[in-house]
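Asker: Take a look at the letters that make up each chain.
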Amino acid sequence: MDAEAQDSFREFVENRSSALLKTAVLLTGGDRHAAEDLLQNALIKAVGRWHRIDEPEAYVRQILYRQQISRWRLKWRRRELTVAEPPEAGASPDAAPAAELRLLMRGALARLTARQRMVLVLRYFEDLPEADVARVLGCSVGTVRSTAHRSLARLRALAPELAALGPADVESQPSRDFSPVEVRP
Amino acid sequence: MNVEELVRDSLRELADEQTSTGPGLADRVLVVRRRRRTRRIVSVAAATAAVVAIGVAVPLLDSGKEDVRPADVVQQSKDIAHPDQSPPRELISAGNTVLAAYYIPRTVKHSADRAERVRDYWLLDQKTDKYVKTTQWSYVAVAPGMKTAAVLERNLPASRIGMLDLATGKVARWIQLDHKVAGLSFSRDGLKLVATTYSENPDQLVKMQGSDGWDQKQPSSRTGFYVLDVVSGKGSWSAVKLESDPTDPMGDSFINARQDFALSPDGRHVWAGNPMGEIGKQFYDLTGAEVDVPADQKHLQWYVDAWQSPSGRLVAGDFAGEKWKTSSWVIDARTGEKTEVRGQQLLAWVGDASLIAWDIAKDGKNEFHQRLVKVTIGSDKTVPLSGFRKGNDGGAGRWEPVFAER
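Taken in order, these protein sequences are the chains called A and B.
Okay, so the first sequence: first residue is 2 according to my numbering, each after it adds one.
Okay, so the second sequence: first residue is 143 according to my numbering, each after it adds one.
Don't read these hints as lab results, they were simulated from the structure.
Where hints are given, some of them may not hold.
Stated by the list, open to error - Pairs of lysine to any residue, SDA-like flavour, derived with a Cα cap of 20 angstroms:
| # | chain 1 | residue 1 | chain 2 | residue 2 |
| --- | --- | --- | --- | --- |
| 1 | B | Lys349 | A | Ala154 |
| 2 | B | Lys480 | A | Gln7 |
| 3 | B | Lys349 | A | Gly108 |
| 4 | B | Lys359 | A | Asp3 |
| 5 | B | Lys349 | A | Ala35 |
| 6 | B | Lys359 | A | Arg53 |
| 7 | B | Lys275 | B | Lys349 |
| 8 | B | Lys507 | A | Ala4 |
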């Protein structure tokens, strides 16, 4: 890597790393330390091909997602067990203030599987259309829709206080694809 | 408000709370990348040496003609340093860990877009305690005990392995092979030798379009490994196929052109790095079937040359840089607990409490201007063992150490 490429890489990191870190933090369910590792590893992979990358940000984001998917593929059984804790009991199902609801939601998001969380981050934080989410995950649009549907249902199960909220658009649509969610490497 | 809106608000709130990555991220990435690249091309022999450098608590073979261990192993605890020498001219050692050889890599250009990385070795002459140059070998692995080295002739991959008698400098025996090999690594007890087979020279370099420098030739031509019995020279070959497309640089199966196998520290498995994989390494049984990584070896990193401590209790880890400007992690193999130790790059264990490492000077500014030092867990002190290396990563005059247990 020559000096010019190194300068361009440094400039990219300086300008874009904070935005990329935000996505990484959301993908890891709020684990800042894991997010920094995720981002650093993605940048290490990207820097090796710096000469040949046309759109660095898109490329790094793609690596972030793919790394997170491959983690999920290896660890999902264990994570499923971790997630399958009983919901916290005793909370009132209504009248929780907005800030409290967001905190509850944050806790529930952290307990989703990495893949469920990724679908929500791509749809609701990155605002990607379903077709683009499907491309990122290497699955069908139907699978994206059903995963989003199940993720929201899971959030409700994890935090019963959310029951007072209205249904999401995606939840009112019939979801036909309930096949096991598989990702092609 | 519906659930979607709350998800959106919660994600944005969490994202907005994040402070920036802080300064130096790009440089940290470049340093790690450079270190891995350096490993890729020039220091596989050093990694091999680390395997042989960690054998202490092993039974000696019956002494006999084929014995690869010395007849008398003398415990020497005194460190022998030459802080004025770089590259070293005279014996360097810490405890029973000896700089058994070193090599200097150079690039031999074959055409405008094709070249080869070759290694010239300097082997320790144990009669004079001086390092003597040899250009005969393309690859040298020194067995624990330093009586024998396994060598490959020039023009890799080679179809035979020489067992070099380090006392006479002559090849005592050749092991002829059906599959060509380019990498060698002894087990820590010196009884087994793993040879990595390739269909092409893994040290070939090519010029890629749009790149100024030389790159390794991809995809890797690695085909599998032999596990050979050192005494009889017999063994079996196992093919190792890559699961997914090895040309996909983001795929799990992307490996370096040279990605050698070695016996695991406990000698029960064969393993190799898998740089783009989820856990960075793959373990196999001795017949080539992939197995789960043993629990006490999950912290091993293929590019951290020191690997596991002689007792197996500790694993040498990556660069730390928290307590000191240059330092590394030592990880408890069982609990994963990390301890910071001085040294920029951990190269070989000296017993269970000390290591030989590369390190820069106290006020050093150039990360490549390193010398060999001895560092000790729980100690602030470093003991210089060699002079400082000159040049930058991949530049001329960079020597790479090969350690072995005395």
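Asker: State for each hint whether it applies.
Answerer: Against the structure, the hints:
no.	hint	result
1	B:Lys349 / A:Ala154	violated (53 angstroms)
2	B:Lys480 / A:Gln7	violated (32 angstroms)
3	B:Lys349 / A:Gly108	violated (51 angstroms)
4	B:Lys359 / A:Asp3	holds (19 angstroms)
5	B:Lys349 / A:Ala35	violated (36 angstroms)
6	B:Lys359 / A:Arg53	holds (16 angstroms)
7	B:Lys275 / B:Lys349	violated (30 angstroms)
8	B:Lys507 / A:Ala4	holds (18 angstroms)
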